[in-house]
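If you read the protein sequences in the order shown, they are chains A and B.
Numbering of the first sequence is given in this note's numbering, commencing with residue 1 and proceeding in unit increments.
Numbering of the second sequence is given in this note's numbering, commencing with residue 1 and proceeding in unit increments.
Treat the hints with care, since some could be wrong.
Which chain A residues face chain B? A few, computed with CB under 8 Å, are given here [said to hold, decoys possible]: (1) TRP37; (2) THR40; (3) ALA203; (4) ASP207; (5) MET221; (6) ARG246.
Source of the hints: derived by calculation from the structure; they are not laboratory data.
This one's a predicted model, so the numbers in the text were calculated from it and none came from an experiment.
Idealized CB from N, CA, C, for every residue including glycine.
2 protein chains.
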Amino acid sequence: MSDFTELWAEIAPVGRAESGGYLRYALTPPELTLRDWFRTQAARRDMRVTDDGNGNLFAWRGEPWAPGTVLTGSHFDSVPHGGGYDGPLGIVSAFLAADKIDKSRKIGIAAFVEEEGGRFGVPCLGSRLLTGAITPEKAASLRDRDGITFGEALGGTPRGHDPRIANVAALVELHIEQGRALTVPVGVASAIWPHGRWRMDFAGVGDHAGTTLMADRHDPMLTFAFTVLAANKEARLSGAHATVGRVQVEPNATNAIPSLVRGWLDARAADTATLERLVDEVVRKATERAGRDGTALAVTPESVSGEVAFDEALAKRLSDLLDGAPILPTGAGHDAGVLSAHIPTAMLFVRNPTGVSHSPAEHASDEDCEAGIEALATVLEELG
Amino acid sequence: MSDFTELWAEIAPVGRAESGGYLRYALTPPELTLRDWFRTQAARRDMRVTDDGNGNLFAWRGEPWAPGTVLTGSHFDSVPHGGGYDGPLGIVSAFLAADKIDKSRKIGIAAFVEEEGGRFGVPCLGSRLLTGAITPEKAASLRDRDGITFGEALGGTPRGHDPRIANVAALVELHIEQGRALTVPVGVASAIWPHGRWRMDFAGVGDHAGTTLMADRHDPMLTFAFTVLAANKEARLSGAHATVGRVQVEPNATNAIPSLVRGWLDARAADTATLERLVDEVVRKATERAGRDGTALAVTPESVSGEVAFDEALAKRLSDLLDGAPILPTGAGHDAGVLSAHIPTAMLFVRNPTGVSHSPAEHASDEDCEAGIEALATVLEELG
């Protein structure tokens with residue numbers, strides 16, 4: 001059994017649901033179990049563990065935040081019933097790559113908190129806090145579906161921006177690819193599409209489903225449904241991506257016209273202008289339809305990220321180092337995208353044969369993961 | 001303060017949510033509190049209370065199930081954030097009407113369980129069990145959203161059909177009207193529209209919202225959205241009612257294409273042929289769209305009720321007795337509709353000025369409720 005196969009088997013059962021997917025929300029028992037596993041792995045390697053007060057964990061070879069340190073790692077948290085590779089592969093690979101390189105290299109392995117935004121709604125929350133992209137107060141007040149705030153889950157207000165991030169020579173995050181564009185085991189990221197989440201509150205008038213005349217209704221489910229179809233059409237027309245994957249209905253009863261339907265629009269495009277046009281057009285059409293349905297629409301941007309272009313020279317250098325590994329963009333957001341505004345940053349992708357991600361069906365072969373670990377070790381040696 | 005105002009104030013706070021609506025699901029603490037209140041009211045009037053082993057409570061003046069007994073009452077349970085009148089008004093009115101009539105009359109006051117189907121999915125569950133319209137085994141196995149079965153909530157398998165229901169001379173249920181058709185304080189029901197609930201499971205392929213090309217998707221949210229709009233259109237064209245008020249999404253994450261969207265279609269029409277045509281047409285269009293979306297649709301009828309025509313002569317008699325109270329149909333289902341297949345049955349409606357129901361905004365004036373109680377007393381005297 002390879003080192004990867006063995007280490008992977010240790011975390012595979014943690015937080016696995018009957019669906020085969022994972023429920024590893026930030027700061028819930030399965031994710032806390034993975035954090036304990038992280039501390040154990042660090043201890044086995046005599047690496048010191050620190051917590052940055054934002055929920056991010058770091059294991060260090062050398063002094064914490066020593067100038068010239070190369071940072072790697074990823075996140076443990078999952079989307080609901082997500083795959084096991086998205087996040088944890090980058091952390092497992094980091095420990096195994098650390099085993100392969102010269103022990104004098106100064107490296108840090110990070111486990112960022114709440115990358116998916118699956119619990120508190122804002123993705124890359126840990127890296128945003130670390131870099132000052134969100135205030136500690138705002139982050140502390142974010143609530144999960146049970147009303148628990150991030151501050152409560154963390155046990156206090158996060159510490160926020162840590163200026164020592166500037167000491168880091170470079171960040172390299174290894175991640176499973178989430179489309180089908182990568183046809184060899186390992187690739188290098190060029191850019192992350194601009195993307196965002198917009199909460200759409202469709203308000204109507206709750207009433208009895210049996211007795212209310214169709215003409216008398218103010219049914220927000222109609223406006224919501226129209227908007228789902230409009231977003232899909234606009235995305236197809238503009239070569240962008242738009243998804244409505246999360247819905248909340250009040251009161252959510254079979255025999256009641258809803259008083260409120262809340263839907264989240266996830267939209268992404270290759271450039272910011274296209275993304276803005278897409279969202280503007282969806283909101284315009286939805287508002288027009290709300291007028292016809294006698295409902296009201298309020299749109300709240302929950303997180304909007306501009307385009308991330310990773311350091312082009314660095315990507316080219318890594319590609320050359322890895323025997324001409326392909327350089328490709330992605331529609332998925334990552335902590336590396338947030339950090340790229342502050343330090344030289346690169347990403348390595350491991351092939352995903354079906355392209356499926358955020359699903360129990362997500363998969364990468366052991367051989368490709370091992371190739372990824374080799375590549376990460378090579379890169380850490382080169383940059384450190 | 002009138003007797004009604006006083007008695008109404010006793011139950012008004014029970015299960016009231018911040019929304020102003022009620023969370024009084026069957027066999028949960030608020031509904032159990034109302035059952036205790038029911039026992040207290042019965043004791044104050046020296047009425048004996050029995051439980052039929054199905055979750056239905058009865059308070060008797062005279063021997064339980066004595067031949068010639070007139071039954072009245074309604075239900076305590078609510079839809080999520082429903083109004084306070086839908087159900088409880090019929091029970092409060094029953095006790096106050098009992099106070100007004102000759103004490104030699106044999107009457108029974110019923111509190112039927114799970115009329116809304118808000119917890120276990122099948123409406124009129126208590127009256128269906130009592131009359132044998134559902135088997136005890138099937139009822140026992142129904143699950144709420146937390147996976148608890150009706151049998152577990154009840155504390156055992158329900159007893160099912162009670163043949164003594166045939167001893168009842170007549171049932172009269174008083175209920176708040178749920179449309180705007182009643183423009184005087186009190187009316188008499190002519191019929192309940194045929195109606196039903198169909199669960200629609202739209203299955204697709206869960207995947208990453210950011211990285212999955214639009215052309216590669218099998219997004220069940222699209223098929224769902226199309227079906228919501230199609231159901232609305234068909235209902236308008238056929239003069240029927242169709243509503244999708246309840247939705248469940250898996251995994252319900254902002255950044256994931258859903259693997260499953262489950263929606264419930266509530267459909268009602270003035271006659272069975274129209275209702276069947278409506279549902280057939282919605283399913284046909286939805287299935288066609290599923291083919292285009294690369295998704296799959298499975299439809300499960302959860303409860304379908306044929307037209308209920310209340311005893312025409314009885315309705316005319318009550319209307320005459322109540323100074324020509326109007327006789328009108330309703331789109332709402334009621335326990336009286338289930339019982340009407342077995343015993344002479346009538347319903348009295350109390351005016352609802354806005355027509356709003358299944359919503360915190362549901363309201364009837366104290367004066368109209370008092371007129372309803374007078375009418376119910378008159379009817380109980382006449383039939384007893």
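Task: Unmet hints by their number, sorted upward, for this structure - done: 1, 2 and 3
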